[in-house]
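Single-letter residue listing:
2 protein chains.
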Amino acid sequence: MSKISSLGFPYFFLMALFFLPVCCRLHAQEANKYKETVDFVNPLIGTFGEGNCYPGAVAPFGMIQISPDTEDNLWETASGYDYGDSSIIAFSLTHFSGTGIPDLGDIRFMPQVGKPWFVQGPKNNPDSGYRARFSHKDEMASAGYYSVKLSDNHVRVECTAGDRAGMLRFTFPATDSAIISIDMSKNLRWNTIWSNIRVINDSTICGYHMVNGWARERYVYFTAVFSKPFLDFGVMNDGKLMTYNTYRFRSAKESAGKNLQFFARYSTQTDEQIVVKVAISAISSESAASNLNSEIIGLGFGQVLKSTREKWNAELNKVSVEGTSEEKETYYTALYHAFLTPMLYQDADMTYRGLDNNFRKAVGFTNYAVFSLWDTYRATHPLFCLLQPARNADMINSMLAHYDQSADHLLPVWSLSSNETWCMIGYHAVPVIVDAYMKGIKGFDAQRAYEAIKTTAMNADYDNVKTYSILGWVPFDKENESVSKTLEYGFDDFCVAQMAKSLGKTEDYNYFTHRSKAYKNLFDTTTMLMRGRDSKGHWREPFHSHEYIQGGDFTEGTSWQYTWYVPHDVKGLIDLYGGPKPFTQKLDSLFTFNDNSSDNVSDIQGRLGEYWHGNEPSHHIIYLYDFAGQPWKTQQYVHTIIKTQYGNKPNSLSGNDDCGQMSSWYIFNAMGFYPVCPGSNYYAIGSPVLKSITLHLADQKDFKITAANLNDENIYIQSVKLNGREWNKPYFHYDELKNGGELSFVMGPKPNKKWGQNVDFSELDQK
Amino acid sequence: MSKISSLGFPYFFLMALFFLPVCCRLHAQEANKYKETVDFVNPLIGTFGEGNCYPGAVAPFGMIQISPDTEDNLWETASGYDYGDSSIIAFSLTHFSGTGIPDLGDIRFMPQVGKPWFVQGPKNNPDSGYRARFSHKDEMASAGYYSVKLSDNHVRVECTAGDRAGMLRFTFPATDSAIISIDMSKNLRWNTIWSNIRVINDSTICGYHMVNGWARERYVYFTAVFSKPFLDFGVMNDGKLMTYNTYRFRSAKESAGKNLQFFARYSTQTDEQIVVKVAISAISSESAASNLNSEIIGLGFGQVLKSTREKWNAELNKVSVEGTSEEKETYYTALYHAFLTPMLYQDADMTYRGLDNNFRKAVGFTNYAVFSLWDTYRATHPLFCLLQPARNADMINSMLAHYDQSADHLLPVWSLSSNETWCMIGYHAVPVIVDAYMKGIKGFDAQRAYEAIKTTAMNADYDNVKTYSILGWVPFDKENESVSKTLEYGFDDFCVAQMAKSLGKTEDYNYFTHRSKAYKNLFDTTTMLMRGRDSKGHWREPFHSHEYIQGGDFTEGTSWQYTWYVPHDVKGLIDLYGGPKPFTQKLDSLFTFNDNSSDNVSDIQGRLGEYWHGNEPSHHIIYLYDFAGQPWKTQQYVHTIIKTQYGNKPNSLSGNDDCGQMSSWYIFNAMGFYPVCPGSNYYAIGSPVLKSITLHLADQKDFKITAANLNDENIYIQSVKLNGREWNKPYFHYDELKNGGELSFVMGPKPNKKWGQNVDFSELDQK
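Chains as they are written, first to last, in our numbering: chain A, 1 to 767; chain B, 1 to 767.
Don't read these hints as lab results, they were simulated from the structure.
Mixed in with the good hints there might be a few duds.
In silico lysine-lysine, DSS-like type, Cα no more than 27 Å apart, as pairs [said to hold, decoys possible]: (1) 240/B - 466/A; (2) 633/A - 328/A; (3) 361/A - 361/B; (4) 240/A - 478/B; (5) 633/B - 729/B; (6) 520/A - 586/A; (7) 466/B - 240/A; (8) 240/B - 258/A; (9) 466/A - 253/B; (10) 240/B - 123/B; (11) 478/A - 240/B; (12) 123/A - 649/A; (13) 258/B - 258/A; (14) 253/B - 478/A; (15) 721/A - 691/A; (16) 35/A - 649/A; (17) 454/B - 253/A; (18) 253/A - 361/B; (19) 318/A - 442/A; (20) 478/B - 253/A.
Next up, chain A with everything else stripped away, as it sits in the complex:
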């Protein structure tokens, strides 16, 4: 279902209130729907099935994400919203975009009419709680705005959000019991350990809760200002109203415990609107109030939305694209999704909660949190090098602060708020930092960064890195997922080596370069696949190369997917096969193989044979053809994947968006190139899917990609010009792009098998 078809009359009515000058023309023509770049964002993309995106209101990289939750228990609905659901639990203030594990969903607001419920009620019986049914025809979502009319109680809920503060606008029917309830006890899937709520005055409340979830301890404070004084209110603790008990005093205005709710009651006229301004903080309710005051206190709903739309326009306008509305919706929503995470994680006064729960000022940088690094080092941070260099530097500064605060002296692995989850494998903060360093991104201290990188890569405690450094591989008798870890450590070590070299640390360069070759130790020449070895060097027996085995030698995949994970030494990998021909033969079979061993793996989709685009280990694989003399296969698969696994529908994403990685993959591929090996400075050339894309880089430098003759059939490169020169290499370097220029493709219906044969592997390590 598209965004367009979901737009009903109320949307236009309401939008008209904010954009009066254009409202009269909104109905006029389809084209007029897209007045600004921001109009191409459809937050409903990726909300159905595997994408795990949310449809709610958020500013670019915003700390607050106000969005409806339809499901709070299923692992598969990590964002809290599934387009397939028909009832909404509540509207909570924080959400992940595209993660594979649920968390957040903090501080639930819900409008009710009549006697309020303080339990949510199950999906199969919304009437037994505050849950309420809705229909997609009454729902609308755009960048910074979400609205739905709840079918059961006829309340329209609208959300908008700034950086740390947002608004919920409730349009009630006429009733003497219009309720806005807040449930402090719930979040997405996990345990609320403690919560606190205080009524500050007749229209202001504050509180916090602490959640033990995916993040071990996560504090969310909030302050909410209601536009109208409460007619009546109540604080509920364990289902009981906090009130005078005729024995000794018990405040009706505050409570703390595991199971707290608040409700405000109003008498409303037909269509009366009550607006709640709300802000969050990880520090205190007073900091939340400061965030609210500094951001939105004097503003109306429309003003906040307008400001957030302007922010989105500014971010999205860093790229100009030509294409159909559908293509632009796909493209700009992908860019929108890429620009949500990592999130801002500091208050207006620069204070943030550190990894050790101490409060720190972010001095000289902006602090970000939520680093899904196993995913985002691949394409998201490389995209940030192009379009968000300043933010990327601050993300690196945030990671270095994390390192400083880490009890284990480790850069983040999968950090979440002020927590390390240790989710996934490797030390992929390293490629993020090295990639930015190699590209000359300013704004962080390279020496300090290198120290953190090296200390992390030398950690004697972390996941058998020490054994790996001695033995040359991670042995499966000592460590799970040993093959994936060996391979990913190797790539990360390549990155350390690049930075060491650049800093003149030859000894380190040699050491980490040596470690980066570890993949060779796990290449089994009997199966021509990567295979586990134990600490004595014995191969894994029996070896199920196609089988996804939880806790086996591979991470969320099989040997068939991981065998290609040598992004930093593709030539070395090809050589192990005895050259490009046997290499590509083996690679071909990845896409055609149909073994049913892993059919039961429900959460990774987007399958082309055993190439699983729905998860990250596959993301670079199609580009290996570039280096084995068959770039047309890269070109073909780019188009196949984008046609089948991206689009502008709620179910268009084939896998978890993973904090923007799936979307960032699209953004690069749409341009016709991809950062196969972050930390090096080359991009491998694929095949453009849009006719024209212009990157507006820093310092007003434009890099324009054009694709002449491109259409659904003409997906093959006939020729390329780069900055005016004929270009026959299936890769080019960042230097060609960074000062602006033009990459011109001429496309055709059949491969030009002569193009792209010019590969000099020695160039790949160079700037």
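Using the hints provided, position chain B relative to the given structure of chain A.
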């Protein structure tokens, strides 16, 4: 058992290390034990039975109180230590002095030898946990110092404490498994909701826990620096060692959860000492580290103890007394107990956790917490007006800050850390503030204070104050403990009126004076006792005047005790009886009545008939004889009570010391006068129990009290001179004392029934 008899050889040996110049003489003479005033403090007084004091190390009004816990569940052992117990659970960092309800006991340190336990073990089987037996002969306690040798593992533990930081010194036997364990999961009686521990380096750890106890949410952070690097350490979560699990990384250096322990292991030589320096904070572990660094980081154990002893000397030397060693131990330990609470509650950088969990800087004052106001308004804060005027002003500033942060706009009732417990009744912050104001104590804003006082006294929600203000009494059908509340509100309102008058607010003066007469509405002329009335004015039926009924019309007492609670209008009360004679007849029977209705009340002792000195409602009663022509009865009861219910033994206190109130009662009574009505400026004269006491007031003004001929028989006043004048009134005003002077008693074995007959009630309200 006295402190003296409990001092064994190790005490002298260890003390010798700190005070080498005097050690050689320590054995010489008994008198030489008392080199300094601080030597008269015996922290074991009040640790056996009802007193609920603790024996551990603490500085004056200190934030940290390092003390052994022998019991963590019984309501009756609220300080965690009972002298009757024979095993110690652990040494924790925080303790209440004398409360009736347990809480605190945070962050337990325990030395162990061999394989460490992570459960405490029950009293009847210490060997099944880290609990360890001890003997009082191996125990010693002095101001700022506590030491015990544990019988089971032969480890000597010594504690000392500064303001926010202290030390634990462990003297181990030779062992390859000397353990110092920390249990984060426990506290005195209540639930640890969450805890966190982090190993910062090879000798430093930090963490926090949050306890839901008497205080609804109480955060205690700590940082601990060990004098020797750990040979080995471990963090335990739910009984499992946090360690690498061969799957994915799990830090061995940190954890968070409900059930955390830490242990450090050492190999020790015979008598090897390991010192742990530790500090606490309510803000963060970093603030705890700052507290540690600013207070004790460069100091040795002996230096910290010396500094704390000097602080105690400075505080205790505000009074000079003459008497036997036993009398001086009794006196100075009472003064010590009075100078423990309220506690400092802010970090070295002035930051404290507010009532709303926001962090605030104490600007222009020092923030204190733990206000046991129902107790301490009676004698403790009046004592502070004399001996701690600056601190008392800051306590008032702390209460005003509490008021500012209160969701209910109420001054503290029974505040605990950053919590209001609503324990007990009334609004007795009012007499504390008014008493200080009336005595001209500087350092707080009177206008701001008055606004807080009046707002508190006019609160429409609090405990039927509004009904009381309309009806003239708190009706028992609307509110429990209605008679006690009516009477105490009346006294508090008298105080409001006094301050209103002084500020020229005549209307307020009249209004609150009117309210203060409410006691008359509950005086039942059929029984000549205070008696409950319902909202229609009907008397309570049946009326059990002698029976302690939980949740009845009286607070921790009976009508017989509460009938006398009109401290602000003693004449009015006497008049209700028709004059002094029937009044004193009724009062006499209080002390002789032996009804067994309340024999089952276990926690209030110190009974003389139905006068229960072990609880506060009785504390002013014996002074009523002064105003009814029989001051010799006051004199007699002062001596009876002090002889039987005070002393220098662990079991010398007949009731909970209640944050110093029981001890402050002693301090005043020992001098021969008592503040019957705080908020007025008079003291009623009792009978001195020490031959000479000199108060060293501010500005080097001394007020000396002498008692000629005083001995065990000569307890009756024969004559009095005040500042050189013959004094026949059984009361005098603060003005007579504040500039220094002398109060000279001549004592004899029989009452001089002519003395003290000169009462002018109109003088009692005046300065």
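Now the hints, each set against the structure:
no. : hint          : result
1   : 240/B - 466/A : holds (24 Å)
2   : 633/A - 328/A : holds (26 Å)
3   : 361/A - 361/B : holds (17 Å)
4   : 240/A - 478/B : holds (20 Å)
5   : 633/B - 729/B : holds (15 Å)
6   : 520/A - 586/A : holds (17 Å)
7   : 466/B - 240/A : holds (24 Å)
8   : 240/B - 258/A : holds (25 Å)
9   : 466/A - 253/B : holds (18 Å)
10  : 240/B - 123/B : holds (25 Å)
11  : 478/A - 240/B : holds (20 Å)
12  : 123/A - 649/A : holds (24 Å)
13  : 258/B - 258/A : holds (14 Å)
14  : 253/B - 478/A : holds (21 Å)
15  : 721/A - 691/A : holds (15 Å)
16  : 35/A - 649/A  : holds (21 Å)
17  : 454/B - 253/A : holds (20 Å)
18  : 253/A - 361/B : holds (25 Å)
19  : 318/A - 442/A : holds (19 Å)
20  : 478/B - 253/A : holds (20 Å)
Comparing the model with each earlier hint shows no violations; every hint is respected.
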